[in-house]
Amino acid sequence: MQYWLFKSEPDVFGINDLAKAPEQTASWEGVRNYQARNFLRDEVQVGDKVFIYHSSCKQIGIAGIAEVVKSGYPDPTQFNPESDYYDPKASADNPRWFMVDVKFVSKFNRVLSLDKIKSLPGIEQLGVVKKGHRLSIMPVVAQEWQLLCDAAN
DNA sequence: GCCAACGTTGGC
DNA sequence: GCCAACGTTGGC
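The first sequence: position 60 = 1029 (our numbering), numbered continuously.
Treat the hints as calculated values from the structure; they're not laboratory data. For glycine and all other residues, C-beta sits at the position ideal for the given N, C-alpha and C. Hints are supplied without guarantee of correctness; some may be wrong.
To be verified - The calculated lysine to aspartate or glutamate pairs, modelled on DMTMM-like cross-linking and capped at a C-alpha distance of 20 Å, are:
1. Lys1027 to Asp980
2. Lys1085 to Glu1113
3. Lys976 to Asp1017
4. Lys1072 to Glu992
5. Lys1039 to Glu1113
6. Lys1076 to Glu1036
7. Lys1018 to Glu1051
8. Lys976 to Asp1070
9. Lys1087 to Asp1056
10. Lys976 to Glu1051
11. Lys1076 to Glu1012
12. Lys976 to Asp986
13. Lys1087 to Asp1053
14. Lys1039 to Asp1084
15. Lys1099 to Asp980
16. Lys976 to Asp1062
17. Lys1076 to Glu992
18. Lys1018 to Asp1053
19. Lys1072 to Glu1012
20. Lys1058 to Asp1070
21. Lys989 to Asp1070
22. Lys1076 to Glu978
23. Lys1085 to Glu1036
24. Lys1072 to Glu998
25. Lys1018 to Glu1036
26. Lys1072 to Glu978
27. Lys1039 to Asp1053
28. Lys1018 to Glu1113
29. Lys1099 to Asp1084
30. Lys1058 to Asp1119
31. Lys1058 to Glu1113
32. Lys1076 to Asp986
33. Lys1076 to Glu1113
34. Lys1027 to Asp1070
As the list claims (entries may be wrong) - The calculated label-pair distances, taken between Cβ atoms and stated as ranges, are:
35. Arg1001 to Asp1084: 40 to 46 Å
36. Glu1051 to Val1098: 20 to 26 Å
37. Ala1061 to Ser1082: 18 to 24 Å
38. Ala1061 to Pro1090: 23 to 29 Å
39. Gln993 to Asp1062: 30 to 36 Å
40. Asn1049 to Gln1112: 25 to 31 Å
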């Protein structure tokens, strides 16, 4: 079992949207970055826990927790010319982009803010605190996960 | 809305 | 395969 952090813009899809989704489950579609794609395709597994991180918004930080309920499979939006995520170079035989399904687990009483996260000793290796780190899917080690959960309570 | 940092593209 | 130009991300 591994831990992850998924970034999202709450204006597009945030922790509340996940909580309100049918069966509180949603496809994590639209990831268009190769390194993040590789995580989704090869490493994210059913049962893994995921921090939902809100970016580009008023309250930046970790908003809650989700759990992976389906591991990597081709993201259908890449085949849909109507979609913002359409990729003309992708084909059904040779899909380029992958996604997983996640289910809502919990929402923090308050967002664990980026400022607070940065202030935690021992968190220096977490991608999200590094300047210029733009990866939207990133691994979190168990120690960091625990630290962040403690800080959220 | 600014801008630094980063990823991707495409000409050579 | 280099690298400049361009587009995007994301905190501020």
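Cross-check of the supplied hints:
Straight-line distance between C-alpha atoms of Lys1027 and Asp980 comes to about 10 Å, which keeps the hinted pair within the 20 Å bound. Simply put, Lys1085 and Glu1113 have alpha-carbon atoms about 13 Å apart, close enough for the 20 Å limit, and the pair holds. Distance hint between Lys976 and Asp1017 is fulfilled; the C-alpha atoms sit about 16 Å from each other, no more than 20 Å. With a C-alpha separation of about 8 Å, the suggested pairing of Lys1072 with Glu992 holds against the 20 Å cut-off.
A distance of roughly 24 Å separates the Cα atoms of Lys1039 and Glu1113; the hinted pair therefore is violated under the 20 Å criterion. With a C-alpha separation of about 12 Å, the suggested pair Lys1076 and Glu1036 falls inside the 20 Å cut-off, and the hint holds. For the suggested pair Lys1018 and Glu1051, the alpha carbons sit about 32 Å apart, so the restraint of at most 20 Å is broken. Among the hinted pairs, Lys976 with Asp1070 is consistent with the structure: their alpha-carbon atoms are about 14 Å apart, no more than 20 Å.
Between Lys1087 and Asp1056, the direct Cα distance comes to roughly 36 Å. Violation of the 20 Å bound is thereby established for this hinted pair. In summary, the hint linking Lys976 to Glu1051 is not supported, as the alpha carbons are separated by about 24 Å, beyond the 20 Å threshold. Taking the CA atoms of Lys1076 and Glu1012, the gap is near 24 Å; set against the 20 Å cutoff, the hint is violated. A distance of roughly 14 Å separates the Cα atoms of Lys976 and Asp986; the hinted pair therefore holds under the 20 Å criterion.
Restraint check for Lys1087 and Asp1053: the C-alpha separation of about 33 Å exceeds 20 Å, so the hint is violated. Restraint check for Lys1039 and Asp1084: not satisfied, since their Cα atoms lie roughly 32 Å apart, outside the 20 Å limit. The suggested pairing of Lys1099 with Asp980 is violated, with an alpha-carbon distance near 23 Å, which exceeds 20 Å. Taken as a hint, the Lys976 and Asp1062 pair is broken in the structure, with Cα atoms around 28 Å apart against an allowance of 20 Å.
Simply put, Lys1076 and Glu992 have alpha-carbon atoms about 16 Å apart, close enough for the 20 Å limit, and the pair holds. About 28 Å separates the Cα atoms of Lys1018 and Asp1053, which puts this hinted pair outside 20 Å; it is violated. At roughly 17 Å between alpha-carbon atoms, Lys1072 and Glu1012 fall within 20 Å of each other, so this suggested pair holds. Between Lys1058 and Asp1070 the CA atoms are separated by roughly 24 Å; this puts the pair beyond 20 Å, and the hint is violated.
Taking the CA atoms of Lys989 and Asp1070, the gap is about 15 Å. The hint holds against a cut of 20 Å. Distance restraint check for Lys1076 and Glu978: the Cα-Cα separation of roughly 16 Å lies within the 20 Å cut-off, and the hinted pair is therefore satisfied. For the hint linking Lys1085 to Glu1036, the alpha-carbon distance of about 24 Å lies beyond 20 Å, and the restraint is violated. Between the alpha carbons of Lys1072 and Glu998 the distance comes to roughly 14 Å, so the proposed pair stays at or under 20 Å and holds.
Simply put, Lys1018 and Glu1036 have alpha-carbon atoms about 5 Å apart, close enough for the 20 Å limit, and the pair holds. Distance hint between Lys1072 and Glu978 is fulfilled; the C-alpha atoms sit about 17 Å from each other, no more than 20 Å. Annotation: proposed proximity of Lys1039 to Asp1053 is violated, straight-line Cα distance about 23 Å (limit 20 Å). Of the supplied pair hints, the one linking Lys1018 and Glu1113 holds, its CA atoms being roughly 13 Å apart against a limit of 20 Å.
Simply put, Lys1099 and Asp1084 have alpha-carbon atoms about 12 Å apart, close enough for the 20 Å limit, and the pair holds. Restraint check for Lys1058 and Asp1119: the C-alpha separation of about 44 Å exceeds 20 Å, so the hint is violated. Between the alpha carbons of Lys1058 and Glu1113 the distance comes to roughly 38 Å, so the proposed pair goes past 20 Å and is violated. Using a Cα cut-off of 20 Å, the hinted pair Lys1076 and Asp986 holds, with the two alpha carbons roughly 11 Å apart.
With a C-alpha separation of about 18 Å, the suggested pairing of Lys1076 with Glu1113 holds against the 20 Å cut-off. Pair hint Lys1027 plus Asp1070 does not hold up; C-alpha atoms about 26 Å apart against a cutoff of 20 Å. The hint said 40 to 46 Å for the Cβ distance between Arg1001 and Asp1084, and at roughly 29 Å that hint is violated. At roughly 37 Å, the beta carbons of Glu1051 and Val1098 sit outside the given window of 20 to 26 Å.
At about 42 Å, the CB distance of Ala1061 to Ser1082 disagrees with the hint of 18 to 24 Å. Taking 23 to 29 Å as the suggested C-beta distance range, the pair Ala1061 and Pro1090 does not conform, at roughly 48 Å. Checked against the given bound of 30 to 36 Å, the beta carbons of Gln993 and Asp1062, roughly 33 Å apart, stay inside it. A C-beta distance of roughly 40 Å is found between Asn1049 and Gln1112, which places it outside the suggested range of 25 to 31 Å.
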